[in-house]
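Asker: Two independent chains are provided; combine them into the complex using the hints.
First to last, the protein sequences are chains W and G.
Residues 1 to 480, numbered by the numbering used here, are exactly what the first sequence covers, in order.
Residues 1 to 496, numbered by the numbering used here, are exactly what the second sequence covers, in order.
Think of the hints as simulated: they come from the structure by calculation, not from any bench.
You may find that some hints are simply not true.
List of simulated lysine-lysine pairs, DSS-like, C-alpha gap at most 30 Å [unchecked claim]:
hint : chain 1 : residue 1 : chain 2 : residue 2
1    : G       : K47       : W       : K50
2    : G       : K181      : W       : K374
3    : W       : K253      : G       : K47
4    : G       : K47       : G       : K67
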Amino acid sequence: MTRFPLLAAVALATLPLQAKPKPAESPRPPLAPVPAAAAVSKRPEIAFEKLTLPNGLGVILQRDPSLPLVAVNIWYHVGPRNEAPGRSGFAHLFEHLMFSGSRHVGRDFDVLLESVGATNVNGTTSYDRTNYFETVPREQLDLVLWIESDRMGFLLDVLDQGLLDVQRDVVKNERRQSYENAPYGPSYLALLDNLFPPGHPYNGAVIGSMADLSAATLDDVKGFFRDYYTPSNATLAIAGDFEPAAVKASIQKYFGTLPDRPKKPTPEVKVPPARFGRYVVEEPVELAEVTYGYRTPPAYSADDPIVDVAMAVLAGGKATRLYQTLIVDKKLASEVSANQDSNQLSGIVTVGATAATGKTVAELETALDAALAKLEKEGPTPVELERAKRSILLSTLKSLELLNGPGGETGRAGLLQRFAHYTGDPGYLPKWVEQIEKVTPADVQRVLREQLGAAKRVTVVTQPKPKPGPAAATPPEKKP
Amino acid sequence: MKRLALSTLILTLACGTPPAPKAQALPPPKPSASTAQTTPDPEPWRKERPPAGPSSDLHFPLPEQGKLTNGLGLMVVRKAVPVASLSLVFRHGAAACPPGKSGLAALTARMLTEGTRKHPGVKLAEQVEQLGTTLDEDAGRDSSSLSLSALTADLPRALELLGEVATEPAFSPSDFERVQKEWLDNLRAERQAPERLGSLAMLRVLLGAPHGSPVDGSLTDVAKLTIKDIVDFQRKAYGAKDATLIVVGDVDLATVQKNAELAFKKLGTGQSGLEAPLSPPAPPPAKQILLVDRPGAVQSALMLAQQLPKRSAPGYEARELLTTLFGGLFTSRLNMNLREEHAYTYGAHAQNLATEHWGAFYIASSVRTDVTADALKEALKELRLLKDPALGKPLKADELARARADLVQSVGARLEYGARIGSSLADLWLHGLPLDYYQKYPSLLGAETPDSLTKVAASLDVDHLVVVVVGDRAVVEAPLKALGYQVVIAPAELTD
Numbered sequence: 001m002t003r004f005p006l007l008a009a010v011a012l013a014t015l016p017l018q019a020k021p022k023p024a025e026s027p028r029p030p031l032a033p034v035p036a037a038a039a040v041s042k043r044p045e046i047a048f049e050k051l052t053l054p055n056g057l058g059v060i061l062q063r064d065p066s067l068p069l070v071a072v073n074i075w076y077h078v079g080p081r082n083e084a085p086g087r088s089g090f091a092h093l094f095e096h097l098m099f100s101g102s103r104h105v106g107r108d109f110d111v112l113l114e115s116v117g118a119t120n121v122n123g124t125t126s127y128d129r130t131n132y133f134e135t136v137p138r139e140q141l142d143l144v145l146w147i148e149s150d151r152m153g154f155l156l157d158v159l160d161q162g163l164l165d166v167q168r169d170v171v172k173n174e175r176r177q178s179y180e181n182a183p184y185g186p187s188y189l190a191l192l193d194n195l196f197p198p199g200h201p202y203n204g205a206v207i208g209s210m211a212d213l214s215a216a217t218l219d220d221v222k223g224f225f226r227d228y229y230t231p232s233n234a235t236l237a238i239a240g241d242f243e244p245a246a247v248k249a250s251i252q253k254y255f256g257t258l259p260d261r262p263k264k265p266t267p268e269v270k271v272p273p274a275r276f277g278r279y280v281v282e283e284p285v286e287l288a289e290v291t292y293g294y295r296t297p298p299a300y301s302a303d304d305p306i307v308d309v310a311m312a313v314l315a316g317g318k319a320t321r322l323y324q325t326l327i328v329d330k331k332l333a334s335e336v337s338a339n340q341d342s343n344q345l346s347g348i349v350t351v352g353a354t355a356a357t358g359k360t361v362a363e364l365e366t367a368l369d370a371a372l373a374k375l376e377k378e379g380p381t382p383v384e385l386e387r388a389k390r391s392i393l394l395s396t397l398k399s400l401e402l403l404n405g406p407g408g409e410t411g412r413a414g415l416l417q418r419f420a421h422y423t424g425d426p427g428y429l430p431k432w433v434e435q436i437e438k439v440t441p442a443d444v445q446r447v448l449r450e451q452l453g454a455a456k457r458v459t460v461v462t463q464p465k466p467k468p469g470p471a472a473a474t475p476p477e478k479k480p
Numbered sequence: 001m002k003r004l005a006l007s008t009l010i011l012t013l014a015c016g017t018p019p020a021p022k023a024q025a026l027p028p029p030k031p032s033a034s035t036a037q038t039t040p041d042p043e044p045w046r047k048e049r050p051p052a053g054p055s056s057d058l059h060f061p062l063p064e065q066g067k068l069t070n071g072l073g074l075m076v077v078r079k080a081v082p083v084a085s086l087s088l089v090f091r092h093g094a095a096a097c098p099p100g101k102s103g104l105a106a107l108t109a110r111m112l113t114e115g116t117r118k119h120p121g122v123k124l125a126e127q128v129e130q131l132g133t134t135l136d137e138d139a140g141r142d143s144s145s146l147s148l149s150a151l152t153a154d155l156p157r158a159l160e161l162l163g164e165v166a167t168e169p170a171f172s173p174s175d176f177e178r179v180q181k182e183w184l185d186n187l188r189a190e191r192q193a194p195e196r197l198g199s200l201a202m203l204r205v206l207l208g209a210p211h212g213s214p215v216d217g218s219l220t221d222v223a224k225l226t227i228k229d230i231v232d233f234q235r236k237a238y239g240a241k242d243a244t245l246i247v248v249g250d251v252d253l254a255t256v257q258k259n260a261e262l263a264f265k266k267l268g269t270g271q272s273g274l275e276a277p278l279s280p281p282a283p284p285p286a287k288q289i290l291l292v293d294r295p296g297a298v299q300s301a302l303m304l305a306q307q308l309p310k311r312s313a314p315g316y317e318a319r320e321l322l323t324t325l326f327g328g329l330f331t332s333r334l335n336m337n338l339r340e341e342h343a344y345t346y347g348a349h350a351q352n353l354a355t356e357h358w359g360a361f362y363i364a365s366s367v368r369t370d371v372t373a374d375a376l377k378e379a380l381k382e383l384r385l386l387k388d389p390a391l392g393k394p395l396k397a398d399e400l401a402r403a404r405a406d407l408v409q410s411v412g413a414r415l416e417y418g419a420r421i422g423s424s425l426a427d428l429w430l431h432g433l434p435l436d437y438y439q440k441y442p443s444l445l446g447a448e449t450p451d452s453l454t455k456v457a458a459s460l461d462v463d464h465l466v467v468v469v470v471g472d473r474a475v476v477e478a479p480l481k482a483l484g485y486q487v488v489i490a491p492a493e494l495t496d
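Bound-form chain G, shown alone (with noise of 0.2 Å):
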């Protein structure tokens, strides 16, 4: 089909006829000015996609699993490679921080990473570092880890130094207090990028606190943290119960267990449900945008927003195909107009954002200032289009193809690197999923046809959607209003 297509498109332009009616996902190739088309073709056989080889599968691993005496439990997947890759997750993470605390899991992760009792301030470094790797932590909204790579001959001695910062931190309040002043210079930081800016105001405002509150924290609230407060939340969020071991590399579980079971035995018990349920704050009124002003600015960092449904609800693999064809893939809806047919842009995304708690359908995009309000008036008709298939655009099976191909590569990219591997399998067991999930993945992607992912378009609310913009207010405001929006400009404390 495809073949016959683009022969007859090649004659088409040969013949300088206006090009063929509008394709779906490209634009048209417009006429070409050129003549080169007229030439011989010197090989024709070149015409003819080869043909696909016999499939193959990819096989996410199972891990092998255990636990130790504590509760804390322990997953290992083998993979020849030199080095292994370990990680200590906890599930407790930003969504665990109590009101007014924002950016506490962050910053208790991070002075984790300072010192322990054995070896206070740059000795913990120096240990990690003579390893030839560092100490890596993370806080996100669900959960809070601890990982590092090391040579397979240095495994025991990276559990042994895991354990040690997991369970025996220095916590001294003279490193928390230069910490804490170069967290906050780093928040300031952030906050000169346009994208930040935006996105800062854009959860807070889809989401209220503390669900949307900066996993890294306000100015306002870290500025505020004690020592105490860090060595409380580490007492309760990092507790054996609620955590894994996870290991990637040329090692067998009962090595790992043996290491481990020494290595970890002074984790604490600590405390569940530390989590405040979501209630987010009443919706803006439609057709309101949300204004950050930076005078001068070249560009505008667009975003727009609903919240969905939370990772865990069913139809997730719905909603993933449903964002990844809209403006996942590069040939995405939004992408395409955006940047290939309109040249507003580098380039737009849409992302499926899914927590424990919450989900959100997530556009962003940088657009050239003077395209501010045609850029997002076309993201708003690409919206309206995916959800209504009488409008002239139906989601298409090919399209639907495109994005369910990425979406079980990407898993199968993962399998190339052992990091990866390891936080795969820890989304799986934070969110509470079968780990075989990702051998399910590719059929339940393929359960789903246009009709329903059409049906999960009309979930969204075009003219209810959060709309953030950070750009020039002098520029942008009156096309913006001429869109038929209300232009508020966004209070500081969206973007503390």
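So that you can see chain W by itself, here it is in the shape it has in the complex (with noise of 0.2 Å):
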């Protein structure tokens, strides 16, 4: 979930320009990196400070002086995992109001970074964690280390209920414009909340219900503030063009006098667990698509690596197992993915197919199933596994070249804090990319057999409605 649609997305979906269909691509940026190949003899690494400030904001410092630019990220370490009760989409509620405006900076924000000409201005939220970041010309680094610590200390100043009727309806045409007016949105959602049923710490699909929506109050948001955006649950990344004394100088400037407090702890709740089965919902498109989702164990978890490269040898490229076989040789399947999404409690794996006209679901399942036991029994060949790896490797060290990436979760910033937040080690990529290394065939085999088998899935069938007839049929006029 993001505060403000990236144009990019939208120009994709309303300008042909640049539009088109494609095959099999993973929506999600792989994370994970890699190795191999004589060509990488040492695994990369990002060079790196890390300090903590007396009232416990972490910062992380990556200097890269070759543009004069420099990105700002801040993870706050709060996501829906920490939402109470009936408050599902709370956390990306709570977002929305970060942009309304602080005590001593007023309601201009958006005015003021835009004046400057920063760029990847946004707000996200996932999970476990809730980020904000912005890439500003160096010379204007200090209005920013201003804009976020007034934020983090005195939002609540100016936040009221007016604002919070506003953004609580741009969050509901978010859920629309995503999910319920969205082709196979509606299945999504369907997915996501027999994976994590009423009563698991993810439930809501991030966004939320829109009866949780309308039920938050002006009190939630003042507790919710409290309660977790302190400065010791917040972790400040600068990556880009700046002087190390003077940026330390800034940050103790702004961020030093803000006090902490205690955050609230997260509540040990017993997660429910996924319901298992088969679920078919109805939507208004012309192809059916099959999807199942599994609950993986968590962000760089022993197995998580694996899962990625399994999920990379199923399916990305053209050369993967379900390209080659749904799409090319039996011809069933006009698009399908695999892809995870890491998370602490729980990754979510879904791999996918949409049907190729005139194939069933059956046929879709038939096959899908029939991949992943070949894949569970025989495993990778060592050229379909270095290839996997090879991508994960490439597609990392291209996020690389940026300070920060489009969700603040990739680029240099978005990877340091991505370590930071779920390994308590911002230089971790080396030992990622081992990780991926040393990944083995019988790996992949045994985390198909015991992570991803067809008994601890939720299947989502989508099938096409009914059409009620064109609507050219009714007279656009009504004659008397």
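Answerer: Written out as structure tokens, the structure is:
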């Protein structure tokens, strides 16, 4: 969930200048890295410096003077995982309110950033964390620190019911646009709702339910801020062209005096199991689709990188199993995908296929099952495994070109934050690369058997809804 | 000024008096019910906006240029990154597709990635993916391109593969048969999205065929394409004289040139002048809405557009600035109204589309079904205010400054990413712009004033915009008519 739809995304959806059908591409850039290949003699690393202010704020600095730009990316270690019962979607709604202004900066937040040409400005919410980021010309770094520290310390001074009401409605529009009115959106909500049923901290698909969004009060907002938006529950990353001594002085100036408050402990909840089974959702689409959803081990646990490799073996490029069997050989599908979204409590794997015209979901399911079973039985070939690992490495190296990625999870600032959040070590990259390098065919077979078995999945089938009849059939004007 | 204004505001709120007069770009803060502002400020020093440091300039790199013996152009930008970006760009795209063959350029590009004579079918993908990369093909309005990225050490192999793909395609009929079916399914899938249905109808009404036909083709046209069409198009459009190879990475021109000579020596000459001139249909009557019915839809995709001059026509930078301040920024007039003031939408955008043959001012937003007409009314109101300073919201220097900063820095942000440096250079080459264009860009933008932009805005013909709504007719039709618009159900061929 993001605060504002990216123009690029809108352009793709609305402007056919660039849009085109693409084969089997993962919507999520692979985050993992990796190896091998004589060409990569040494594991990639990101040089950085880490410090902690007395009030508990974590700071990660990554200096790179090659362009006169600097990216700031703040992670608050709070997400839907911390939402109170009956308040699904709250962490994300709160993210929107973080753009409403603060005591000293006022309401001109966006105007200030735009007037200095800030790029990649956004906020995003994922299950375990919320982030806020912007890239500016280096001479404007203090402006960003001023703004970010003011909303960390003084947000509540200007928040009121009117602001909450507007952003609540904006978020409801976001839910409509991203899910309810989007092809396969309702099916995806059904998948997540059954993977993480009510009672699970991840219930609500980050965006939350309309009813829960309606129920959120100004007191909820204030309580959430006090409980979680505290310096010791946040990490500030800065990447780009800065003078280390000067930036440390600025960080101390703007963030050092913000008082810490203890973070509200995350309640230990007994997570309910997924509602395994097969669910059918009717939608106004032309092509049927089937998606298998699985819960997988936590981010950066021992099996997490193995699942990533398994997904890259299944789909991603054209020389992958699902693409070759379902699209090329059997001609059953027009699109296939296999992805993992890694999170703290549980990863989410989706393996899916969109039917080719005239093919049924039963045929897709049979073929998907066979492909998964074959991979589990025989394991990937050494060449397949090598290709998968190299694709993960190359996409990570590409991501390292950026100071900060579009969702604040990639690029140098984003990756450092990601590693810091999930492993406690911003410098985890080479270890992660090593984990990927070490994956064996037997590992892939084992995770398929242990984590991705048919008994442990939620299957969602999207069936085209019968059409009520073409609109033109009704005359545009009623005659008297 | 700003600081002063802010402290006045805080005082005003604390006293519970009505808010200050309405600001131009931002809705006024609402009177706060909370009393938090009355608490003493522990850190009043924070009211002071930090001063900017010494300003820095971004320098867009000038590429080293070369030419192969067969005429293929070469641009190399040296950048110290471990991954090199390669892109081979041809000057023919969707605009070069003959009548009744929309999608031909896009499908030809796709078929090039389906195998070569040396590496048919999946063998090509295996070769490419062994480098950890994928081969990306793209057809736009004015160009077709093949690109991939590779570790610097793999550059010779990457060039070799790119050359093989461009010059020795397998073009197997059985692959074509499969890809054509898959392509048609992807077109069907795309047409499930309301925003896509709307843009299909919009560009067809605005530009006619072939320039308003979808780049990826219509369902009808693509179903009729043959492998012979593909072979013909590749022969004509993929010629060395109308092409350039762009490499960004840790590599020098001589090395690229040496490897490229070998890789691309079989590239043909191709043919120029494939593009038909623009002959748009008669504009629709005033105050007409084309409606694509989506029963039960919870949102309507709303879009408005009119033609503007093409990319190379003078005044491009002014059109960019105007579009950006109207609907490109978060604080744009359009977004502040539709999203932040009225909460009709998650976001509203305007873009200045510009190709070799045409340009368009293009507004799009997905809005809640029950406020579809209200959203249209507000968008039209903002356009009228933009157009006519006498209506009370004249264009201001500060919104122009934000638009300019955004455009300048957006070019700067491309410097982070090798592939985006490459695509930016490809744009210059395609549109015949000088290679130092991005260096002059800030001053070109800086030459525009509120007055000069207001003159550009005057060319917007608010009553004659093409308006498309994709939504639930049962709910939206009556309120749209009540705005004084005629509502016409879009014929099916507009979304083909």
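Asker: To test your reading of the hints: which numbers does this structure violate?
Answerer: Violated: hint 4 alone.
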